[in-house]
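Asks: Below, each chain spelled out in residue letters.
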Amino acid sequence: MSLVSVNDLGVRLGGRAVFSGVSFEIGTGEVVGLIGPNGAGKTTLMRAVLGLLPFEGSSSLAALPAAERAQLAAWMPQAREIAWPVSVESVVMLGRVPHLGTLQRPGVEDRARVAAALERMELADMRDRPATQLSGGEQARVLIARALAQDTPLLIADEPIAGLDPAHQISTMQSFAALADAGKSVLVSMHDLGLAVRHCTRLILLGEGRVIADGSPGEVLTPERLARVFGISAWYQVTEEGPVYQPLEVLR
Amino acid sequence: MRLALPLLVAVAVLFLVSLLTGPAEIGLGRSLAALFAGGEDPVALVMRDIRLPRALLAVMIGASLGLSGAAMQGYLRNPLAEPGLIGVSGSAALGAVLAIQTGLAATFALGLPLAALAGALGGVLLVMALAGPRGTSLTLILGGIAVSSLAGALTALVLNLSPNPFAASEIVFWMMGSLADRSMTHVWLALPLMVVGWALLAGLGRGLDALILGEDAAQAMGIDMARLRLMLVVGTACVVGAGTAVAGAIGFVGLVVPHMLRPLVGAHPGRLLWASALGGAAMVLLADIAVRVILPDRDLKLGVLTALVGAPLFLHLILRLRRERI
Amino acid sequence: MTLVAILVLAMAPMAAAEQTESPPPSDAAPGRVVSMNLCTDLLAMLLAGEGQLWSVSQMSLDPMVSPLVEEARGHEINHGRAEEIFLMRPDLVLANTLSPRSTVAMLERLGIRVEQFAPASTLEDVRDRIMQMGRVLGREEAAQALLARFDARLEALEADEGPRPRAVIYHANGYVSGRGSLSGDILDRAGFENAAHAAGYDSGQVMPLEVLALTDPDLVVTARTYPGGSRSEEVLSHPVVRAFRAGRAGAVIEDQSWVCGTPFVLDAVEDLAEVRRRIAVREGE
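Protein chains in written order, with our numbering: chain A, 3 to 254; chain B, -1 to 324; chain C, 157 to 441.
Next comes chain A alone, as it looks inside the complex:
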């Protein structure tokens, strides 16, 4: 079953085409890494898929009414924005907004989801602290927990692990894998190709104004593409510890 289906999607910003002709589908149980150099349009693609900016072509998510879409997909923007000194738990509880009626207050199930998300992101100890007083990495985890609490079949996250310490980078990616095991899917943009290779079931490489490659990490990250798109060389091996990928040198 496909959670989102994107067809011939294109976005123009300021008269310039950022990308065009992008088509893909995301089914259940996938962790899809969206990779590409700076300026390739990863953020723009994700926002267009959600219908948050004008685009050409079609996206099944963008076609839905806002309330329905919020039941289907959670979105974690790159900007780590927490405007007021509300408690960590309150921020995570915002993930339940799409599930509440106009005057409905959070119930037992909402609380349980929030508690699980807090636990998952190792935030249970700081649930009562003002979110604005946390470090950047901690705030990122709070926002990931918020997106998890929304409990949607699809999670779209824009560079969620940027700025996290190594342990939390790995555990966050493991959380995404756990979601996939439970039949949900994640579309996540990232720059750390090593983590992408180890934790994603599939990679979409965006560059040169189009989707250059879409497939398993091994298929996508060929040495020629790395040289052409990123301008680097890398060492890639499937070991007993799983796939290991290490960028080596800049080629140009």
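Source of the hints: derived by calculation from the structure; they are not laboratory data. Among these hints, one or two may not hold up.
[Stated by the list, open to error] Derived, one-sided and incomplete: chain B residues facing chain A with beta-carbon distance under 7 Å:
{"no.": "1", "residue": "A144"}
{"no.": "2", "residue": "A208"}
{"no.": "3", "residue": "G212"}
{"no.": "4", "residue": "D214"}
{"no.": "5", "residue": "A218"}
{"no.": "6", "residue": "M219"}
{"no.": "7", "residue": "A265"}
[Stated by the list, open to error] Residues on chain B that point at chain C, a partial pick, calculated with CB under 8 Å:
{"no.": "8", "residue": "I48"}
{"no.": "9", "residue": "I98"}
{"no.": "10", "residue": "S160"}
{"no.": "11", "residue": "F164"}
{"no.": "12", "residue": "A165"}
{"no.": "13", "residue": "S181"}
{"no.": "14", "residue": "R296"}
[To be verified] Rough simulated footprint, nothing fancy, chain B against chain A, three-plus residues with beta-carbon under 8 Å:
{"no.": "15", "stretch": "48 to 54"}
{"no.": "16", "stretch": "85 to 94"}
{"no.": "17", "stretch": "144 to 153"}
Even glycine gets a Cβ: it sits at the ideal position worked out from N, Cα and C.
Given chain A, put chains B and C in place with the hints provided.
Replies: For chains B and C alone, coordinates are given in the frame of chain A:
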């Protein structure tokens, strides 16, 4: 909810004190009896036609200012947003003055508050256009200064051109606000628009909560930003316009009250809405009692008192925000 | 002959008709007079000789405050500014003691004689101002005649005895007229008790609306509101004031007869005395 009860009690007590405050010395029992008994004797006249409308207007206008201040701050995610400071009240005053001087206010009953609403609407739209979607403090304050000084200058111009010799000296009333000598007529004039505005602003809670995470995230959570913006703009214009039309521009209430109550509601913009409405009512009641106690013989303007409390707080906020972002 | 003149003129309405018949001013009298204040405008128009008064202030053209609009049209109009008055080359400028100091000082520096008239705060002051105007214009005789008519008419008005109802003169912003003000004196001469004064409020003081309500006067006299509307005047249409005016007698101050210390104040006394007689009739019923 632990906050709601003390606030409600405070508003109720201050309302009573306001009813009992005035230059005419009337005993507690006699004044309250006159309020309910009716009749045409002078004490009943004082209670029903002078003190009751004054206390009612203080509650209505205070609630409006607190509510709209909290709503604007929540929307712009900036604690400096306040209808008085950013020129919305000033523009409403311009609309009201135009309605009075052109005779529109005399032509049909709601002409005055509707003209003030139109002025307020223009002010809100202008400031929001100048400040941008996420109003940074700098653009917000600059836009606010531009709009308030323009509105103030035009108000002064209209009053100076008036054939009425009293009008020219009334810029102080329009800029500072006063509840002296208001009547039930003014209550009925302001109430319809205020009720509409309250309903619109009270419905913003969930959207403002979601906005904690930014417009993009809020939108992805199913919040219709265009609708939210429309409700905010129209709601603010309704309550500020109606209030300013009958009592002039009273500044700083929408700044001070949300600021003081924010820690008590866990900084939730949604919960801050109703808390600020109650807090605003209490603050304006208190200020209006104070102007009558401090200078019983003169019409000390309400805005003078609120500014004396609000301006230092405003400076403090600017200093604090300078460290964070501007 | 003088006696006859007094009797005849006392019955005639106050007017400036006789100025056209009066002889030209004597050599000592100023030949070209400019008045820059409404109150001096009015007195000068009543007393000046043929061609003696060159210009009056713009206020004289406003029917709200000026009882002599038609006469004023026959003169040049000034706006009380030193420059324009200087260019009129006057022998004498008539000003109020409350006229802008800078304007008066400027005219005096330019060598122009300025005569200042203090505002009248009693009917006695009105008599003084009439004589003062007669003196500075060199028209003492006309002033004497005007004064005699004034006194006779006032005496007739005051002869009317009866109960003294309680009245409040209520201005914009809630100011009242107490004793020692022209309107307070008008009220007194018309046979009213000044209820504001009795309640402890005098001229220049604001009587709060609720004190007015509790004072419960028999009559509330309010000023006619100016066009354009203002918040200051809104108090005059407050339900409390309206309630007083609805149930009982109400009177409106016509500024043209109340505002200046001229013989026209007797019109105001006459109007108020009429209101008092109506109150007495109603209470007698």
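Asks: Now, for every hint given, state plainly whether the structure supports it.
Replies: Structure-based check of each hint:
1. The beta carbon of A144/B is not positioned within 7 Å of any beta carbon in chain A (closest approach about 25 Å), and the interface hint is therefore violated.
2. Restraint check, A208/B versus chain A: the minimum CB separation of about 5 Å is within 7 Å; hint holds.
3. The restraint placing G212/B at the interface with chain A holds, with a minimum CB-CB distance near 4 Å, inside the 7 Å limit.
4. A distance limit of 7 Å between C-beta atoms decides the matter here; for D214/B the minimum to chain A is near 5 Å, and the interface restraint holds.
5. Interface hint status for A218/B: upheld, as the beta-carbon distance to the closest one in chain A is roughly 3 Å, under 7 Å.
6. Proximity of M219/B to chain A holds as hinted, the smallest CB-CB distance being about 5 Å (cut-off 7 Å).
7. Because the closest C-beta pair between A265/B and chain A is about 4 Å apart, less than 7 Å, the hint holds.
8. This hint holds: I48/B has a C-beta 5 Å from the nearest C-beta of chain C, less than the 8 Å allowed.
9. Below 8 Å, beta-carbon pairs count as interface contacts, and I98/B has one with chain C at about 4 Å; its hint therefore holds.
10. For S160/B, the suggested interface contact is upheld, since its CB lies about 4 Å from the closest CB of chain C, less than 8 Å.
11. The interface hint given for F164/B is met, as the beta carbon of that residue sits about 4 Å from the closest beta carbon of chain C, less than 8 Å.
12. With a cut of 8 Å, the hint placing A165/B at the interface with chain C holds, because the nearest CB-to-CB distance is about 4 Å.
13. Interface restraint check for S181/B: the shortest CB-CB distance to chain C comes to about 5 Å, inside 8 Å, so the restraint holds.
14. Hint on R296/B holds. Least Cβ distance to chain C is approximately 7 Å, under the 8 Å limit.
15. Residue count for the stretch 48 to 54 of chain A with a Cβ under 8 Å from a Cβ of chain B: 3. That meets the three needed, and the coverage hint holds.
16. Only when three residues or more bring their CB closer than 8 Å to a CB of chain B does the claim for the stretch 85 to 94 of chain A stand; here the count is 7, and the claim holds.
17. By the rule of at least three residues with a Cβ nearer than 8 Å to a Cβ of chain B, the coverage given for the stretch 144 to 153 of chain A holds, with 3 such residues.
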